[in-house]
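Asks: My request is simple: use the sequences and hints to build the entire structure.
The sequence shown runs 6 to 129 under my numbering.
What the hints contain is simulated information worked out from the structure, not anything from laboratory work.
Be aware that one or more of the hints could be misleading.
[Stated by the list, open to error] Below 16 Å or equal to it, Euclidean Cα-Cα: the simulated EDC-like pairs (lysine to aspartate or glutamate) are:
#1 LYS71 to GLU105
#2 LYS36 to GLU105
#3 LYS82 to ASP53
[To be verified] Per label pair, the in silico range of CB-to-CB distance:
#4 TYR67 to MET101: 15 to 21 Å
#5 ALA43 to HIS128: 42 to 48 Å
#6 LEU106 to PHE28: 17 to 23 Å
#7 ARG127 to TYR67: 53 to 59 Å
#8 PRO85 to ARG46: 17 to 23 Å
Nothing here was measured: the structure is a model prediction, and the numbers come from that model.
Even glycine gets a Cβ: it sits at the ideal position worked out from N, Cα and C.
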Amino acid sequence: MLQGYFSQQYPFMTQYRGNLYVFNPAFSGTKRWIDARAFYRQQWTGFDGSPTTAALSFNIRYFNGKLGSGIMVFNDKIGPFVNNYFSGNIAYHIKMPDTELSFGFSTAYTIFQINPSLITLRHK
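Replies: Below is the structure:
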């Protein structure tokens with residue numbers, strides 16, 4: 006019997022404060038400038054199949070600061086498993102006297118692959 010479970014999970018990042026819109030789409034367009042970032046992390050260097058994560062993100066603010074949007078691309082690898090993640094965010098910003106109230110929405114598409122040539126089966 007095969008059973009599948011699905012959940013929301015983002016690739017592991019230690020510098021999450023640099024890309025807050027990964028976790029909350031309302032942060033899209035909160036900067037007053039175009040925000041483009043690249044990220045790469047490799048763990049357990051020297052081991053075959055060690056986890057690696059690479060990401061590119063871009064977000065911008067427009068319509069006099071009322072809207073923000075962004076896109077993000079992740080590639081997460083560990084052993085024979087590869088997870089490619091694409092997302093788009095949009096946010097609406099309401100200016101208040103001393104701050105700003107923001108609402109955001111995100112949609113994503115994930116491609117999960119297994120490379121069977123990297124799996125070794127041992128028989129006893």
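Asks: Taking the hints in turn, state whether each one holds.
Replies: These are the hints, each one checked on the structure:
1. LYS71 to GLU105: holds, 10 Å
2. LYS36 to GLU105: holds, 12 Å
3. LYS82 to ASP53: Cα-Cα ~11 Å, so holds.
4. TYR67 to MET101: 15 to 21 Å: holds, 20 Å
5. ALA43 to HIS128: 42 to 48 Å: holds, 43 Å
6. LEU106 to PHE28: 17 to 23 Å: holds, 18 Å
7. ARG127 to TYR67: 53 to 59 Å: holds, 56 Å
8. PRO85 to ARG46: 17 to 23 Å: holds, 19 Å
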